[in-house]
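> Given the coordinates of chain W, work out where chain Y should sit on it, guided by the hints.
2 protein chains.
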Amino acid sequence: ENITILTYCEVQQVSRGGEGFTARISKKPRYVDEVACTGCRLCEYACPVEVPHAFEGNLGARKAICVPFANAFPQTALIDLDHCLLCGRCEAACPTGAIDFLQEPEEIEVKAGTIVIATGFQMTPMEAKPEYGLGRLRNVLDPLQVERLLAPHGPYGRVLRPSDGKVPEKVAYVQCAGSRDRSLGVPYCSRVCCMYAIKQAMLLAGALPLVEVTIYYMDIRAFGKGFEQFYQNAKAMGIEFVKAKVAKNTEDAQQNPVVRIEVMEEDGRVEERTHDMVVLSLGIVPAWQPDGVLSVETAEDGFIRTPELKIAPTRTNQEGVFVAGAAAGPKDIPDSIIEAGAAALEAAAYLKRTRRTSYTDATGSANCAPSTAVQAGCP
Amino acid sequence: ENITILTYCEVQQVSRGGEGFTARISKKPRYVDEVACTGCRLCEYACPVEVPHAFEGNLGARKAICVPFANAFPQTALIDLDHCLLCGRCEAACPTGAIDFLQEPEEIEVKAGTIVIATGFQMTPMEAKPEYGLGRLRNVLDPLQVERLLAPHGPYGRVLRPSDGKVPEKVAYVQCAGSRDRSLGVPYCSRVCCMYAIKQAMLLAGALPLVEVTIYYMDIRAFGKGFEQFYQNAKAMGIEFVKAKVAKNTEDAQQNPVVRIEVMEEDGRVEERTHDMVVLSLGIVPAWQPDGVLSVETAEDGFIRTPELKIAPTRTNQEGVFVAGAAAGPKDIPDSIIEAGAAALEAAAYLKRTRRTSYTDATGSANCAPSTAVQAGCP
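Same order as they appear, the protein sequences are chains W and Y. Under the working numbering, think of the first position of the first sequence as 1, with each following residue one higher. Under the working numbering, think of the first position of the second sequence as 380, with each following residue one higher.
Keep in mind the hints are simulated off the structure, nothing from the lab. Where hints are given, some of them may not hold.
As the list claims (entries may be wrong) - Chain Y side only, calculated, beta carbon under 10 Å to chain W, not exhaustive:
| id | residue |
| --- | --- |
| 1 | Ser569 |
| 2 | Ala601 |
| 3 | Ile690 |
| 4 | Pro713 |
Said to hold, decoys possible - To be clear about the criterion: a stretch of chain W counts as covered by chain Y if any three or more of its residues have a C-beta under 8 Å from a C-beta of chain Y, and this derived list gives those stretches:
| id | stretch |
| --- | --- |
| 5 | 7–16 |
| 6 | 227–233 |
From the three backbone atoms N, C-alpha and C, an ideal C-beta is built for every residue, glycine too.
Same shape as in the complex, but just chain W (with noise of 0.2 Å):
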């Protein structure tokens, strides 16, 4: 009910006033007008020029105008104006002249009285380890292309591998990479690459009931409520766990991934073993820094640093600012929730307690109701 959404925008700047937080938002041009735009994606059919779909790993493609992806929040077209050729295709298409070239970006302004950051993660970037072969070996994949893969209205429509789209019979995940690896700078454990393994090897297995899937591991952290049995299951479903170490990726001639392991014994041995395609189970970075921004500062990691991280988990270093989920260390959808409700109810504990002095400040009464700044900032 008193919930405001924005989207495609950037936050430039918050400054810390005497009653709260003001936010300097910076609003994209979409060119297309959200109000007028319906959805109807009669645009992206006229549109002719095509464009690696990053929504799909870029294993699919979409047009220069689109609806970013199919549970997109709006449902409201947007111009990539890189690759537009302003051939005006989609304007003579829109029912509604939705279409808009001579949008400027927008400033708003937000008052609150209070903030909770949580702009979640990314994944490892793997330019930094190139022996692992990720965007130069066609068949090494990222464990969000094979989401795409898996998904019922993926790139293919099925499971077929980028290279040939021969049906893959033999695929391998390798955990960690991305992780516990200091020469990534990544020293940190991501918590959820052996259970996102786990779960996509089964649903591998169930698509393609011949494939042979091997998860190539340090060890399985199946820590959390059911997951230990979820990897037992997955272990009675034949799927392969091998403790060891990855030194490199290379392809043969068919273009096969061929992964170089260390096994994880006494005698270290050395294998290559040969799969039809590899997943890099990568990890989790911080999607957003707060330099120059808001005045938070983050930890060693990279995430916002949370002072008091093992009795009040959601502050940050500057009173009335909290933080939730993966902004502050990688944390799955579950923990994140919970995360999301202990920072609501710090946020609304430190509303109450301003609230109550910046009235009193102003007024000298004692009466509780908001002021203007904290009513933006309430829940």
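Leaving out everything else, chain Y in the frame of chain W:
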């Protein structure tokens, strides 16, 4: 300010009325007047009876009358009537006349608008796994006993092994001793055992510079913030990690525990290794069953069932009853604190909803003031 703590009590029955919950609570007799007792411990010094001290893992002794442990709240003595000789020496020693052998159990009724279950955990009972020797082999300990050995005011004042007071030179940890084990009915991972074993191993290495610590494990689950770095530090300190399944523990003529392991390599080699002391990293099982007391459901694992685990992990199947911490599954302290925040938020939101409804129902007014029943439950 508006918090009431009832100690040495047991909830007998919680029933749901029109306006909330009513809990029938039984307060056990201490045989010591709580108001008169000053916690001076003169009664303890006078008592002639020594009983194994459960808080010290039965490694030390307490008296039949005592303040249960150093940080107990309240700091009030209590008589363990099962071991008391009724000699009356405590009564004679007490400067405030607080001893009262005639105390009876007391019945208390509490009304509340909402309930948060936070009943903690117990360690896996190891009677079901006699081959591990806990309770039978004197130098096979549980991790809470080692906490006490490491504590500055522990039973021996320093780390000695129980059978003969020798300073241990070789200590082993057996991980998953009571977790991930279908034969014990504990198929799940207990989350905390890897990290407490590593912590204790590092503290042992600090307390005993010459000690060799080996950790037999299946997977090291260092998934939390800073956990991986902690694990790497332990390896750098020289703590040995061996991926192995432990079959059983025996002891040699000097009561040195002998661990029979299956090294988890392809050859499945079986070895026996002798240590001075072995610690079983016991898992976590529920501390409390709601049967007959409160009509919330438990899951197959015995913990309180959270039917909306992924979106509202603190809700139980009973409206208005929430759960936090290890009552819903194994969890460490920071995770329990986050969940406590989330549960408090859910409970407050529930109170706000029911408050409005019940007050409106009763008086026809839309006023938001709480009913009496609800006030009692306000945080």
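> Indicate, hint by hint, whether the structure satisfies it.
Outcome of the hint check:
| no. | hint | result |
| --- | --- | --- |
| 1 | Ser569 | holds, 9 Å |
| 2 | Ala601 | holds, 6 Å |
| 3 | Ile690 | holds, 6 Å |
| 4 | Pro713 | holds, 5 Å |
| 5 | 7–16 | violated (count 0) |
| 6 | 227–233 | holds (count 4) |
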